[in-house]
Amino acid sequence: MNEVTYIGEGIGWQTAGNAFIFLSFVASLFAAYCYFNSANNDELENGPWKKLGRIGFWLHSLGVIGIMTTLFCMIFRHMYQYHYVWEYSNDAMPRRYTLACFWGGQEGSFLLWTFWQVVLGNVLIRTAKKWEAPVMTVISVAQVFLASMLLGFYIFGWKNPIGSNPFTLLKDTPGFAGSPIFSTPNYASMLAKTATGLNPLLQNYWMTIHPPTLFLGFASTVVPFAYAIAGLWKKKYGEWQLDALPWTFFGIMILGTGILMGGAWAYESLSFGGFWAWDPVENASLIPWLTYVGAGHVMIVHKARKNSALSTFLFPIITFILVLYSTFLTRSGILGNTSVHAFTDLGLSGQLLIYLFFFIILSTILVIMNWKGIPRDKQEEDLWSREFWMFLGALVLLMSCIQIVATTSIPVTAKLFGFLSRHTPVFKESLAKLANQAPPVDRIGFYNKWQIPFAILVLLILSFSLYFKFKNTDMKQLIRQMTLPFICSVAFTVCSVLMLNETNGFYIALLAMSWFAVCENFYYWVKNKKTNFLKGGASFAHVGFALVMMGALISTSKKDVISVNTSKKSVKSIDESFSDATNIRMDQGDTLRMGDYYVTYTGKHRVGKNILYNIEYLTKNIETKKYTSQFTLTPLIQLNPQMGNVAEPSTRHFWSKDIYTHITYADPNSLKDENKGSEYVLPRTSALTVGDKIYSSRDTIILSSLDSHIDLKKYGLKEGDIVVGAVMKVIDSTGKIYTAEPVYVISGNEVRSIDDTLSKLGLEFSFSKIDPKTHKIDIAVSEAKKVAKDYIVMEAIIFPYINVLWIGCLIMILGTTLAIRQRILKSREAKAGNTSLNEIKA
Amino acid sequence: MKKTHIVALIVIAIAFGVILTSLSNNSTYASFKEASDHPGNVYHVVGKLDKSKPFEYDAHVNANLFTFYLIDRDGSERKVSLGKPEPDDFEKSDQIVVIGKAQDGNCFSAADVLMKCPSKYTVDSIPSQKKQSSM
Numbered sequence: 035m036n037e038v039t040y041i042g043e044g045i046g047w048q049t050a051g052n053a054f055i056f057l058s059f060v061a062s063l064f065a066a067y068c069y070f071n072s073a074n075n076d077e078l079e080n081g082p083w084k085k086l087g088r089i090g091f092w093l094h095s096l097g098v099i100g101i102m103t104t105l106f107c108m109i110f111r112h113m114y115q116y117h118y119v120w121e122y123s124n125d126a127m128p129r130r131y132t133l134a135c136f137w138g139g140q141e142g143s144f145l146l147w148t149f150w151q152v153v154l155g156n157v158l159i160r161t162a163k164k165w166e167a168p169v170m171t172v173i174s175v176a177q178v179f180l181a182s183m184l185l186g187f188y189i190f191g192w193k194n195p196i197g198s199n200p201f202t203l204l205k206d207t208p209g210f211a212g213s214p215i216f217s218t219p220n221y222a223s224m225l226a227k228t229a230t231g232l233n234p235l236l237q238n239y240w241m242t243i244h245p246p247t248l249f250l251g252f253a254s255t256v257v258p259f260a261y262a263i264a265g266l267w268k269k270k271y272g273e274w275q276l277d278a279l280p281w282t283f284f285g286i287m288i289l290g291t292g293i294l295m296g297g298a299w300a301y302e303s304l305s306f307g308g309f310w311a312w313d314p315v316e317n318a319s320l321i322p323w324l325t326y327v328g329a330g331h332v333m334i335v336h337k338a339r340k341n342s343a344l345s346t347f348l349f350p351i352i353t354f355i356l357v358l359y360s361t362f363l364t365r366s367g368i369l370g371n372t373s374v375h376a377f378t379d380l381g382l383s384g385q386l387l388i389y390l391f392f393f394i395i396l397s398t399i400l401v402i403m404n405w406k407g408i409p410r411d412k413q414e415e416d417l418w419s420r421e422f423w424m425f426l427g428a429l430v431l432l433m434s435c436i437q438i439v440a441t442t443s444i445p446v447t448a449k450l451f452g453f454l455s456r457h458t459p460v461f462k463e464s465l466a467k468l469a470n471q472a473p474p475v476d477r478i479g480f481y482n483k484w485q486i487p488f489a490i491l492v493l494l495i496l497s498f499s500l501y502f503k504f505k506n507t508d509m510k511q512l513i514r515q516m517t518l519p520f521i522c523s524v525a526f527t528v529c530s531v532l533m534l535n536e537t538n539g540f541y542i543a544l545l546a547m548s549w550f551a552v553c554e555n556f557y558y559w560v561k562n563k564k565t566n567f568l569k570g571g572a573s574f575a576h577v578g579f580a581l582v583m584m585g586a587l588i589s590t591s592k593k594d595v596i597s598v599n600t601s602k603k604s605v606k607s608i609d610e611s612f613s614d615a616t617n618i619r620m621d622q623g624d625t626l627r628m629g630d631y632y633v634t635y636t637g638k639h640r641v642g643k644n645i646l647y648n649i650e651y652l653t654k655n656i657e658t659k660k661y662t663s664q665f666t667l668t669p670l671i672q673l674n675p676q677m678g679n680v681a682e683p684s685t686r687h688f689w690s691k692d693i694y695t696h697i698t699y700a701d702p703n704s705l706k707d708e709n710k711g712s713e714y715v716l717p718r719t720s721a722l723t724v725g726d727k728i729y730s731s732r733d734t735i736i737l738s739s740l741d742s743h744i745d746l747k748k749y750g751l752k753e754g755d756i757v758v759g760a761v762m763k764v765i766d767s768t769g770k771i772y773t774a775e776p777v778y779v780i781s782g783n784e785v786r787s788i789d790d791t792l793s794k795l796g797l798e799f800s801f802s803k804i805d806p807k808t809h810k811i812d813i814a815v816s817e818a819k820k821v822a823k824d825y826i827v828m829e830a831i832i833f834p835y836i837n838v839l840w841i842g843c844l845i846m847i848l849g850t851t852l853a854i855r856q857r858i859l860k861s862r863e864a865k866a867g868n869t870s871l872n873e874i875k876a
Numbered sequence: 006m007k008k009t010h011i012v013a014l015i016v017i018a019i020a021f022g023v024i025l026t027s028l029s030n031n032s033t034y035a036s037f038k039e040a041s042d043h044p045g046n047v048y049h050v051v052g053k054l055d056k057s058k059p060f061e062y063d064a065h066v067n068a069n070l071f072t073f074y075l076i077d078r079d080g081s082e083r084k085v086s087l088g089k090p091e092p093d094d095f096e097k098s099d100q101i102v103v104i105g106k107a108q109d110g111n112c113f114s115a116a117d118v119l120m121k122c123p124s125k126y127t128v129d130s131i132p133s134q135k136k137q138s139s140m
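So the sequence lines, in the order shown, correspond to chains A and B. Residue numbering for the first sequence follows our numbering, beginning at 35 and increasing consecutively. Residue numbering for the second sequence follows our numbering, beginning at 6 and increasing consecutively.
It is possible that part of the hints are untrue.
Footprint (simulated), chain A over chain B, 3 or more residues, beta carbon under 8 Å [claimed, not checked]:
| hint | region |
| --- | --- |
| 1 | 19-26 |
| 2 | 33-42 |
| 3 | 62-72 |
| 4 | 88-96 |
Hints were generated in silico from the structure; no laboratory data involved. For glycine and all other residues, C-beta sits at the position ideal for the given N, C-alpha and C.
Chain B extracted, bound-state conformation (with noise of 0.2 Å):
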């Protein structure tokens, strides 16, 4: 066998190895009931902001936590702390991803954020015109 092909066959190998494992490593999205039942597994939640309730953030209690209540796509709905300030236009995102771990009584800590924000370029943004051109 020639050096070449020894080479091209470790290449080979370990080009499987790393999809595999790249695949089988992560996190996955999963709904709030899911993280809950496996706690301490790292899980991505999508899931909407609920406006109703408060979303706190004060710097001068502690400027690592931001708490927020989130209802995942089942509808299923959990208080989220975040160990970072409160993210610029957060009440504006309309689709939000946490990722973190369940946490008991019905919480769950993000150690991150992901925000979606609506496009900002729609229709919405000529009513302001109206009025102006109106006058």
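Next comes chain A alone, as it looks inside the complex (with noise of 0.2 Å):
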């Protein structure tokens, strides 16, 4: 075979990219070893070896930068003779999604992470002052593995590369290589067609915004990280919380943010039918979060009484070794069974657990050299001092933390124990039993179960913790201070139940609990921070949490799918675990009771790939029995050949209540192409004068006259042709009738018929011929096979309250921000208390 040369490469792409890749990891290398060294021989405040660790890490910057831009540009320009673009993006897309195409693979997202540790580390390096050498070793080392993921070198023969390289060309990916189109030289400018773009579900706005917000919150938890471990490497272990603190708020807040908006994006436009459905995808996102807010608050408790020092290591060690825990779970394919959209299997488990244990090793050691020096607490916590409740507070969150990983884990535990039955002498049976273990059927339940006494503890902690002061507190003044919003929350509490006509035990002990967490900390705001804005933010973000909670648990709990099945075959014959009150099917014009409301399916519209459904929602006047329409929803289904159709739910919102509608199922002949469309069997043609009458299948047809007044500019004619209308009125089975249309046409020696068709009746109508003889015209009627009115299944849903969610979110958000700045001013602060007190002593 001869050598092709191939034309429209751009080779120099892949070279670029390439050579940045090399530099991103070496320099990172580079980076690690200086600063090492710094840490451990740099006498002086800024040694050589620092500088040059700084030089190293800047080159870094500069290589994962320059991958970025040459990636984004090779999107951009359409080159699909790139794997990574072919598979990600296409021409149809809008340009407003390149950004979302940047990340929407695993390469991609792996970039982002690195890129924003790499803009975390360049903070660091200009503020972290004495702590830099030993936290930026930590950082370059995280940075080696995560530019190691994006090498795609092939070494020691081994059968997977390291790292899955983005520059790769399409005909050199293992699954392509060898296809004939390779063989055309210039075969780069004919693989637009086939490119297949990003799934249909991402390309949304949610997917330029979340990933972002996500994975900064992700990376964020290396910096924490970086301080406990060179707090333990450094032998310091009381200093570094206070510079570690505003970093840590500031990852709860971004990851907690980013968490919410994968919420709000699956509520507003995915179709999970609820804003959480406990994803093993979605929980491993929530899983450091939980830890993270235990690590902050320990640090808190650290800070003002300068105890639980080993709890400040532990909780942002797990918190960064549960993220890469995460990445393993979503990115290995293990989920694969499991989950809706885990990562597929790109060859990179190995890496990553190669990552994962390398820090669990690390940390694990360094923990257990310092043991004997990490300082403990001398005298026991008071039971009523605020540090007792806020480590409580965090190991509670812990616990939560380790059902949900126990849980999320089980493909993951299974295997494990598949392989020890395979290759253990003893318990084969038991552990071959266990390898078969499966996550719990009902898992939103499941978890709920769970996790609901959980969330209660939280609230209740959080509710008094603020009033509970370091060291001891006076509970006589405490008690005074509890009882109004203790009053106010019990009369919410009566109130809200009565209302929602909650009977549950547990979720009127959690919403009791949320009422509870609200009052007190709003109190506290207005009675001790004296509804000081700024000083807010501890309160804010816990009123915040209350809500979220409060929101969650309404919502979820009092949902009504208001979509019940009428027909009267049930399915609860079948299996009584079946439910009727889902899905509904629904013809076209049809008018069916759905809770409140009164529901008619009144027609589609395509607009470009998109099918929309318009449902419309009426009231009935009792009185008058008159209809009144209330407002239309558009759910609808996107076509995409390539990659299966998908639905996106609409939602109507109230302050009180969302109205959610989801098309679950679409009749499959409508979801063809609209010329496609219904086939008709061949044409009857007769001859008619005007008045004869004619029967299709159903209806009778009549033609009730000839009409030469027609507009020709309707049908784009010319002035000078010869037109005439014949007008068909058709009679349907009820009595109701419809008119048709045909029209002759004699342009010059052109001879046609504009056809007429009356979709709902299934009927074509054709002009075909005018006997001047006979005064008779004949007009062809082609009927469709299958007169089926067009359906819907569909689903709709009240989520009432859900509103208290989102406000939740919202406080919670600008609590924590506020918080975050009070840190950095209280840290500020205080090293400016200890210079000054220094140069006293000085």
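Quick one: dock chain against chain with the hints and give me the complex.
Now the structure itself:
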């Protein structure tokens, strides 16, 4: 076979991209080495190793930005000869999704993660001062691992390369290599039509903002982790927490926002039927956040009281390790059978495990080595102290996290047990049994059952912990302060339980605790912070969290599926676990009662790739029996022949409830292209004079008149064309009358018919001939093979008070932001205090 | 004993309990035969769609019922009823997990199905291009 010289492959881009990948990898190794030496050897504040380390990290930053720019330009220029571009973008996609394409794949999202760590690293170079060398060593090592994910080198004859290179040509990608198209020299220009493009589920503006936020959150966990490792390494157990605190709360805020954005996305445009489905991938983002919040709070305890030092090391370490573990879960393909949106395996599992275990082993060794050195609390914390309860709160969060990790990890543990049962001589049977473990059947119910008690405990603790003082509290004063908000919360709880008709004891307890937390924290801000907005961080964050819990509880426990199956054949006869109250069929024009509404499917129209279904919600006046239209929802189905059609719900928002409408099934015939539409049987031609009657299989057809006053413009005809229309009256079986008007056109030498269709009846009329002798005209009538009304199967759910949840989210984000500001100010004050103290001493 | 020790012990006890229960309380993967032997228990059954037999969904009869035939890994086949509309692209999936329990008369009622679709990004997607490029 001859070597083919390819045209237009743009190999220069690949070379540049690979050069940047190489630079970023080598420079991060170099930075790690120099910073390591600096941390160990440099006596001076700005020693030579530290300077080299900085240069290394800057070069690394340059490499990372270079990779990103190259990849971005390649997507923007539609260079489909590259696998990444081919797989995640295509010509049909609007330009505004270029960024979404960029991080649509694994490599791109690793890049995003790397990029955020580069940004954080550069800020730390400027701000970390004496902690720079050890902290940056840890970050540089993390960057080495992340950079290696993109290498794509084959070494030692391994089957899989190290890393997955985003600059691989399609023709070099396993699975594509050898395809005959690559024997064409200019194949690069032919690929545009086959490019798959971003999964239609991801073609959404949330895809532009959710991943960067979430990955900044993930990336930020490396900072407190690096500080903790630095503290252990340099055996300075009590100083780093002050510097790490603002970072920690920054991370909590960003990661929290990222998670909530994911929920909002799922609620608004994915078809989960809710904002949180306890999907393994969703859980993977929540797991580190729980311990992250714990980390922030134990650091506050430590700052105030200089105790609980051990936990200030453990929580950030666990958080970072959980981020790595989550990454492993979502990207190794191990969740494949259990999650709807895990990444597929790219052969990076081994590398991810090495990354994970490197840091697990490193942290464990460092903690063990310093076990004796880390100062322990000399005296016991008082039961009536803020630190005791904050610490306890952090532990409850850890418990909640452990439960989620344990259940989400079932595919992992099953694999482990399977491996053990094959390789150990004992307990083979019971191990094999464990290897068959499947995730919980009723996933949402299972997690809710477990997590509600944890939520109750957390809310209880955060209701009163602010009223406690560090060290010890005057209980009399505390009770006096807490009484008024307590009474309010009891009143609110009673009202809301009655209003919602809530009967489940756990739900009532959670509702009561949410109200308690809202009232107490709000009152604390009014009373103790004198309604000073800037000082309200902690109170607001707590109020927000409580509102999120309250909104989640009410909107899920009281969610009302109003699309009840009314057909006589109940699915309950097949299995009592099947529910009739989910999906309902609606023929076009039907009006069905759903909850307080009467709902009509009025029709559909097509916009680009989307078919929008008009679902009209009406109310009926009992006295006049008249229907009034309230609003129309347009859930849609996006046609995507390559990846399968995607349905997007539509929701009407009221202040007290949301009405969610989702198409779960659409008539397959209606999804085909309009012009291919329904198929007609061969036409039957009849010669008619005005007044003649013919019959189709269902309807009566009458030629009522001939019409020579035809609007030429309407049909795009010229002046001088000879035009006659035949007005056809059609009476259907119910006596309803329709008219159609096929038109006969003579323009010059050409004779043709402009057909008319009555799609509702499945009739097509063609005016094919005028016989001047008999004055009869020929009308051809075609009938659709099957006249089926267009129908949809839809689901309608009312989510009551879901706005409480979104308002809670905003308040929580606001509160955490204020808390970060406060922490930065306090940390500056403390440092200024220390310096002035030192000056006095000197 | 310090309060923190007591707290630590409680925490460890709860953690242990949580992990044990979440490991023992769940459904397991099984074959149709095993599911038939224990009617009433909920199982995950992994299998392949029998494409030679009909899979039926008629919204006019019942919008919440979809039936199909599944061959499990041991090769035995059952008629499966799913209490939901037919999922999109159902016939394209190469591996299906059904979650539910055995019913009388060689039937299986599934509360949910998970589909694993074949990778869409393989050499298969190129041949359509071959035709176009030869034109």
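Practice task
Mind taking a look at whether chain A covers the region 88-96 of chain B? Criterion is 3 or more residues with CB to CB distance under 8 Å.
Solution key: holds (count 6)
Exercise for the section: Establish whether the coverage given for the region 19-26 of chain B by chain A is satisfied; the threshold is a Cβ-Cβ distance below 8 Å, and no fewer than three residues must meet it. Expected result: Result for this restraint: holds, n = 4.
Problem - Per-stretch coverage check for the region 62-72 of chain B, three Cβ contacts closer than 8 Å to chain A - result: holds (count 8)
Exercise for the section: Count the residues of the region 33-42 of chain B whose CB lies closer than 8 Å to any CB of chain A, then report whether that count reaches three. Expected result: holds (count 3)
Against the hints set out earlier in the document, no violation occurs for any number.
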